[in-house]
Amino acid sequence: MSLSRRVLALAVPAFAALLAHPLMLLADTWIVGRLGTLPLAGLGIGSGLLLTVVGLSVFLAYGSTSVVARQVGAGRRQRGIELGVQAMWLGAAMGAVLAVVMWVAAPWLSSALGATPDVLPHAVTYLRWSLPGLPLMLVMLAATGTFRGLADARTPLVLSVSVAVLNLALNVTFVYGFGMGIAGAALGTALAETLLGVTAAVLVARRATGLRLAPSLTQMRQSLAVGFPLWLRTVTLRAALLLTTYVAAVQGAAGLAAHHIAMNVWNLLAYALDAIAIAGQTIIATALGAGDRDDARASTRLMMRWSVIGGLVLGVAAIATREPIAAFFSTDPEVRRLVAQLLFVVGLTLGLAGYVYLLDGVLIGAGDGPYLAKAGLITLVVYAPLALIALRLETGLPALLWLWGSFTLGFMGARAVTLGLRARGETWMRLGDS
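Here UniProt numbering is used: the first residue of the sequence shown is 1, the next is one more, and so on.
Some hints here could point you the wrong way.
What the hints assert, rightly or not - Here are the simulated distance ranges between beta carbons:
#: 1; residue 1: P215; residue 2: P22; range: 45 to 55 Å
#: 2; residue 1: P333; residue 2: A249; range: 33 to 43 Å
#: 3; residue 1: T37; residue 2: E426; range: 23 to 33 Å
#: 4; residue 1: T52; residue 2: P215; range: 22 to 32 Å
#: 5; residue 1: G177; residue 2: A327; range: 29 to 39 Å
#: 6; residue 1: G425; residue 2: T29; range: 24 to 34 Å
#: 7; residue 1: R301; residue 2: T29; range: 35 to 45 Å
#: 8; residue 1: D332; residue 2: L56; range: 43 to 53 Å
#: 9; residue 1: L56; residue 2: R5; range: 45 to 55 Å
Quick caveat, the hints were computed from the structure, so don't treat them as lab data. Cβ atoms here follow ideal geometry from the backbone N, Cα and C, with glycine treated the same way.
With these hints in hand, go ahead and build the complete structure from the sequences.
See below:
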């Protein structure tokens with residue numbers, strides 16, 4: 001199979017799978033939204049806490065992809081599967097501990113995220129009813145990485161679509177059929193995610209014939225050692241996004257609404273670019289595992305062209321459709337005006353984003369987590385003062401334009417420099433199965 005076909009075979013299913021989860025959240029919002037404003041606000045806080053934990057645990061998927069694909073490239077496919085199984089055990093253990101801690105701390109966590117007294121009971125209810133599904137959610141992350149490492153992007157896609165459909169059916173049944181309210185929405189999600197995790201574990205186990213399936217503390221610690229730098233990288237990204245939201249929140253209701261819409265559009269377009277980066281994780285790890293430095297370099301160049309050109313095309317589309325997009329998401333003339341301006345900035349910088357996302361995926365695939373963690377800290381230090389300058393500017397469009405310019409050029413630009421400098425050398429190209 002040609003390199004272009006390999007990229008497409010991995011990137012297209014990955015993109016579709018990435019869309020399944022936000023669509024599931026939209027369905028939950030629609031279902032709970034019909035219960036009233038307070039339950040919907042509670043859903044926003046409760047699901048936000050849950051998504052934060054899952055988002056910070058994405059290293060289980062990224063680390064597994066890199067480790068498993070490297071073993072496959074080195075001709076040790078079964079060893080790769082065995083390591084994937086241990087990452088799944090690590091996910092289950094982490095999920096169990098986090099579920100207990102978050103269940104106890106649910107009122108405090110919800111309050112810390114801004115839940116008012118009338119919203120707090122709904123947020124706590126949603127969070128606590130959904131937490132039993134957390135261990136298997138994290139198992140699914142590790143399983144997804146294992147499948148990707150084996151160059152199988154279709155299985156995670158089928159599982160993601162299946163859980164989205166099941167989640168919708170269960171939530172409607174529990175919320176309206178059994179009259180459970182917001183607790184029913186959380187229970188439906190927990191059951192769907194649990195079934196998804198169990199199914200993924202079974203599918204991986206079928207490929208592990210004759211291999212060790214029992215948990216190994218030594219190998220789980222190895223998985224954690226691989227994943228910890230990637231966790232630090234993710235923390236720096238989350239911190240940057242949190243800082244961006246904080247600055248946007250003081251720009252007034254219209255400003256915050258416009259920022260929220262622009263960020264959602266950015267995230268949606270980023271999924272397409274991230275799909276190529278996910279393909280890059282597998283392809284680069286496999287090439288390095290096989291000891292083929294030239295293939296890794298050639299693959300990086302090809303995927304870079306795809307990602308940057310894709311970003312430029314998406315950028316032109318965002319600029320051309322910015323006013324219809326603004327009108328679709330809001331009826332407020334001021335919000336529409338602000339969104340149209342922000343999407344112009346988004347469109348101009350998506351080519352740079354394509355460059356950044358691809359190199360991030362390449363270095364993750366290469367197992368260069370420690371450098372990514374350091375680079376994340378550097379970019380956060382660069383971005384923070386730039387973003388905070390917006391607080392001194394005129395509230396509204398001037399501050400928002402500065403904020404988004406700082407995010408798309410300052411933050412993403414700093415990432416481009418740190419990742420680009422690393423990729424130009426060969427230090428990240430560790431060959432072999434370790």
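So, going through the hints one by one against the coordinates:
As the Cβ distance of P215 to P22 is approximately 32 Å, the hint placing it in 45 to 55 Å is violated. In this structure, P333 and A249 break the distance hint of 33 to 43 Å, their C-beta atoms being roughly 21 Å apart. Between T37 and E426 the Cβ separation comes to about 56 Å, which falls outside the hinted range of 23 to 33 Å. Range check, T52 to P215: Cβ separation about 26 Å, and the 22 to 32 Å hint holds.
Take G177 and A327: their Cβ atoms lie about 36 Å apart, and the range 29 to 39 Å holds. The supplied range of 24 to 34 Å is broken by G425 and T29, whose beta-carbon atoms lie about 45 Å from each other. A hinted range of 35 to 45 Å holds for the C-beta pair R301 and T29, which are about 41 Å apart. Between D332 and L56 the CB atoms are about 34 Å apart, so this pair departs from the stated range of 43 to 53 Å.
Between L56 and R5, the C-beta spacing of about 34 Å breaks the proposed range 45 to 55 Å.
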